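Peer 1: Numbering of the sequence shown is given in the working numbering, commencing with residue 40 and proceeding in unit increments.
Among these hints, one or two may not hold up.
To be verified - Listed next, the in silico BS3-like pairs over lysine-lysine satisfying Cα-Cα at most 25 Å (straight line):
id: 1; residue 1: 41; residue 2: 101
id: 2; residue 1: 104; residue 2: 62
id: 3; residue 1: 101; residue 2: 80
id: 4; residue 1: 102; residue 2: 41
id: 5; residue 1: 98; residue 2: 41
id: 6; residue 1: 62; residue 2: 102
id: 7; residue 1: 41; residue 2: 62
id: 8; residue 1: 100; residue 2: 62
id: 9; residue 1: 102; residue 2: 61
id: 10; residue 1: 80; residue 2: 102
id: 11; residue 1: 61; residue 2: 104
id: 12; residue 1: 80; residue 2: 98
id: 13; residue 1: 41; residue 2: 61
id: 14; residue 1: 41; residue 2: 104
id: 15; residue 1: 80; residue 2: 61
id: 16; residue 1: 80; residue 2: 100
id: 17; residue 1: 41; residue 2: 100
Hints listed in this document are in silico derivations from the structure and should not be mistaken for laboratory results.
Since the structure is predicted, the reported quantities are computational estimates derived from the model, not experimental observations.
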Amino acid sequence: MKNFIIVDPFSTGALLAPEISKKGHYVYSVLSNNHIPDFYKSSYTGEVFCNSSIMTIDKAKKKIKVY
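Build out the structure end to end from the sequences listed, making use of the hints.
Peer 2: Quick look at the structure:
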């Protein structure tokens, strides 16, 4: 299994996560910055991601193992 990170997992990014997850990989969601409009943030469900809330880049660097 590999770790995949989807940055700003809204719209198209949200569609990629289920496909990657179906193949048995871990999928994480990360925000590119803190200035994402609330409209997009509120559409995030976190259902297919390993993290239920979107991580910052700094938190992702600490949590996700890089190969």
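Peer 1: Confirm or reject each hint.
Peer 2: Going through the hints against the structure:
Between residue 41 and residue 101 the alpha-carbon distance is near 17 Å, which keeps this suggested pair within the 25 Å criterion. For the proposed pair residue 104 and residue 62, the alpha carbon gap of about 19 Å is at most 25 Å, so the pair holds. Taking the CA atoms of residue 101 and residue 80, the gap is about 22 Å. The hint holds against a cut of 25 Å. Straight-line distance between C-alpha atoms of residue 102 and residue 41 comes to about 14 Å, which keeps the hinted pair within the 25 Å bound.
For the proposed pair residue 98 and residue 41, the alpha carbon gap of about 18 Å is at most 25 Å, so the pair holds. With a C-alpha separation of about 22 Å, the suggested pairing of residue 62 with residue 102 holds against the 25 Å cut-off. Of the pairs offered as hints, the one joining residue 41 and residue 62 holds, with about 10 Å between alpha carbons and a cut-off of 25 Å not exceeded. Taking the CA atoms of residue 100 and residue 62, the gap is near 23 Å; set against the 25 Å cutoff, the hint holds.
With a C-alpha separation of about 22 Å, the suggested pair residue 102 and residue 61 falls inside the 25 Å cut-off, and the hint holds. A C-alpha spacing of about 21 Å is found between residue 80 and residue 102, which places the hinted pair at or below 25 Å, so the restraint holds. Restraint check for residue 61 and residue 104: satisfied, since their Cα atoms lie roughly 20 Å apart, inside the 25 Å limit. Between the alpha carbons of residue 80 and residue 98 the distance comes to roughly 17 Å, so the proposed pair stays at or under 25 Å and holds.
As the CA atoms of residue 41 and residue 61 are separated by approximately 12 Å, the hinted pair is consistent with the 25 Å bound. For the given pair, residue 41 sits about 9 Å from residue 104 by alpha-carbon distance, which is consistent with the 25 Å threshold. In summary, the hint linking residue 80 to residue 61 is supported, as the alpha carbons are separated by about 24 Å, within the 25 Å threshold. Between residue 80 and residue 100 the CA atoms are separated by roughly 21 Å; this keeps the pair inside 25 Å, and the hint holds.
With a C-alpha separation of about 15 Å, the suggested pair residue 41 and residue 100 falls inside the 25 Å cut-off, and the hint holds.
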